[in-house]
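Protein chains: 2
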Amino acid sequence: MRATLIYGAGDVRVENVPDPVIKQPTDALVRITTACVCGSDLHPYHSMSPADGPARIGHEFIGVVEDTGAEVSNVRKGDLVVAPFAFSDGTCAFCREGLHTSCVHGGFWANGDIDGGQGEAARVPLADGTLVKLPVGADSALIPSLLTLSDVFGTGYHAAVKGGVNPRTTVTVIGDGAVGLLAVLSAKRLGAEQIILMGRHQDRTDLGRTFGASDVVAERGEEGIAKVRELTGGQGTHVVLEAVGHMPAYEQAYGVVRPGGTISRVGVPQYEQAPIGFGSLFGGNITLTGGPAPARAYIEELLPDVLEGRLEPGKVFDRTVDLDSVPDGYRAMDSREALKVLIKP
Amino acid sequence: MRATLIYGAGDVRVENVPDPVIKQPTDALVRITTACVCGSDLHPYHSMSPADGPARIGHEFIGVVEDTGAEVSNVRKGDLVVAPFAFSDGTCAFCREGLHTSCVHGGFWANGDIDGGQGEAARVPLADGTLVKLPVGADSALIPSLLTLSDVFGTGYHAAVKGGVNPRTTVTVIGDGAVGLLAVLSAKRLGAEQIILMGRHQDRTDLGRTFGASDVVAERGEEGIAKVRELTGGQGTHVVLEAVGHMPAYEQAYGVVRPGGTISRVGVPQYEQAPIGFGSLFGGNITLTGGPAPARAYIEELLPDVLEGRLEPGKVFDRTVDLDSVPDGYRAMDSREALKVLIKP
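Quick mapping for you: the protein sequence lines, in order, are chains G and W.
Under my numbering, the first residue of the first sequence is numbered 64, with each subsequent residue one higher.
Under my numbering, the first residue of the second sequence is numbered 64, with each subsequent residue one higher.
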């Protein structure tokens with residue numbers, strides 16, 4: 064089959080790779096019908112050393128089950144399914160607590176002998192725990208929105224849930240990428256009224272307003288912090304959803320959070336050391352939370368809103384490419400020509 | 064009056080200072096009957112530059128109200144009162160939320176023209192919000208336990224509350240100082256059953272067992288982490304209460320916390336930068352919380368347990384000095400001869 068590989072920074076190629084086959088009785092084979100490029104795919108696209116490549120890439124997909132191992136019972140041949148960005152058994156202590164990204168038997172796509180999501184097909188380990196059947200056809204107009212349940216909507220929602228967003232909390236969202244915009248939608252869904260979106264790209268922040276942002280702050284750094292404080296009576300917001308992962312976004316986060324408030328991070332941190340002492344977090348009793356979203360935990364909860372058209376997270380997709388054009392999709396997202404790129408293999 | 068001043072690292076003196084007087088109609092004058100030395104007083108005792116001294120010191124006290132300003136109505140002359148380690152108006156948005164340490168009109172003892180707690184008397188700003196009347200005499204046997212409500216018990220309790228301790232959580236407490244031991248007592252009060260105390264001083268960890276520790280780990284660093292993991296089926300504990308404030312304690316905290324768990328810090332961090340990236344906090348969805356305890360918020364809640372003898376947090380005091388011997392009290396705590404020193408001015 065054809066699949067996407069990354070050879071190093073700026074070097075993405077679509078090539079022939081071995082067809083996936085069932086290896087374990089808990090596996091399923093899925094023919095991928097829709098996939099996409101993630102903001103986090105851009106991290107290796109910026110910095111991966113050729114010595115670490117070539118490697119498969121991609122971790123968000125919808126597809127049709129082609130075959131299942133002997134122990135798979137929740138999905139069967141012909142089912143349209145969505146796969147979250149981590150596979151998980153659904154039965155271990157962490158999965159039962161809703162922390163599927165820490166599943167003791169689970170793992171991540173495009174890792175070792177695990178297929179990536181940006182290809183024609185994938186072997187899905189732990190299919191019963193991982194896959195969720197979708198009650199629509201592969202050509203449904205809802206597919207883009209349903210695909211966001213694989214990662215980007217679940218990740219924005221995780222930020223809001225871990226941040227404790229509710230109707231009584233004010234919220235700042237840092238970042239106008241797809242995760243940030245869906246963090247806005249998530250905060251709105253959880254009842255927040257004041258949702259301040261910090262972002263500089265007007266087409267994106269306009270979509271953020273559609274999703275529920277009450278205010279947009281285009282300024283960054285100290286100026287951006289001052290603007291948010293101005294909008295909140297000098298105090299900052301109860302919750303800050305940090306959807307970027309770079310240090311300036313984190314610094315902005317503790318600059319705009321209210322004493323006693325919470326910073327919830329879902330942008331994969333591109334740093335290890337950061338300020339957490341008296342002046343940044345401790346003095347104001349600030350809570351720092353977040354991590355890789357257990358997207359699987361949120362699919363059943365968010366699915367009805369998507370199926371019934373109440374929420375349209377799929378609006379974050381503004382370009383569609385075929386499999387051979389995936390390298391162009393990366394280029395378009397990296398240059399910010401595209402917000403998020405859908406792939407039709 | 065006589066009061067304690069710190070002139071620099073290792074240099075604490077008791078000297079004559081001006082008698083406090085009512086300055087604001089919201090002030091009270093309190094004749095201090097019992098005070099103590101805090102682990103956090105040892106930070107300047109270790110590192111304060113003589114250029115920053117001399118400065119008043121001390122922030123935990125019980126005393127008798129001698130006079131009140133015209134607007135004070137909650138306490139009156141003759142009342143025995145306990146003062147939390149921060150004064151606060153009790154009426155601002157943060158106080159109403161129970162975050163008195165962020166009171167918009169509040170502040171800390173021994174700061175600017177504010178008296179310290181280790182002296183014969185103190186002017187108490189915002190007396191109505193700050194002071195809590197105690198229904199016992201100044202010579203009651205309960206005084207040591209009641210004094211812990213000023214800071215050390217409230218701080219241990221804050222750690223446990225912010226950490227989300229409940230009957231279903233396993234807990235590690237890092238540090239066998241007075242705060243750590245009262246974090247054990249607090250975790251026990253909130254229903255935790257497995258409470259692992261990490262500490263190396265057997266007389267202290269023995270008291271920790273009395274307070275409710277189910278296990279004691281004397282090892283530190285990697286060895287200590289391995290021991291806690293061994294006690295928790297390899298996973299670590301849901302909650303880690305970090306009651307030290309030095310970097311090795313923080314590193315130990317993220318080493319023993321379970322995925323999805325919470326590190327709650329109440330030891331004042333003696334660092335600003337620390338690891339919070341994928342490998343330490345983010346990857347496991349670890350929450351980091353804590354800060355200066357709003358001790359005032361917990362006094363009414365904890366008072367009945369102390370008055371009725373169900374909890375005896377005052378057991379952390381193992382030495383009593385008079386005011387002139389306060390320098391010797393510092394020396395004894397610093398050398399770990401004493402766990403916590405009571406002062407009888």
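Calculated from the structure, these hints are not laboratory results.
Everything numeric in this text was worked out from a predicted model, so none of it was measured.
Built from N, CA and C at the ideal position, the CB exists for glycine as well.
Warning: the hint list may mix true and false statements.
As the list claims (entries may be wrong) - Covered stretches of chain G, going by a simulated chain W footprint (3 or more residues, C-beta under 8 Å): (1) 159 to 165; (2) 322 to 334; (3) 348 to 358.
Status of the hints after comparison with the structure:
1. 159 to 165: It holds, with 4 qualifying residues against the three required.
2. 322 to 334: Holds: 6 residues of the region 322 to 334 of chain G have a Cβ under 8 Å from chain W.
3. 348 to 358: The restraint on the region 348 to 358 of chain G holds, since 9 of its residues have a Cβ under 8 Å from chain W and three suffice.
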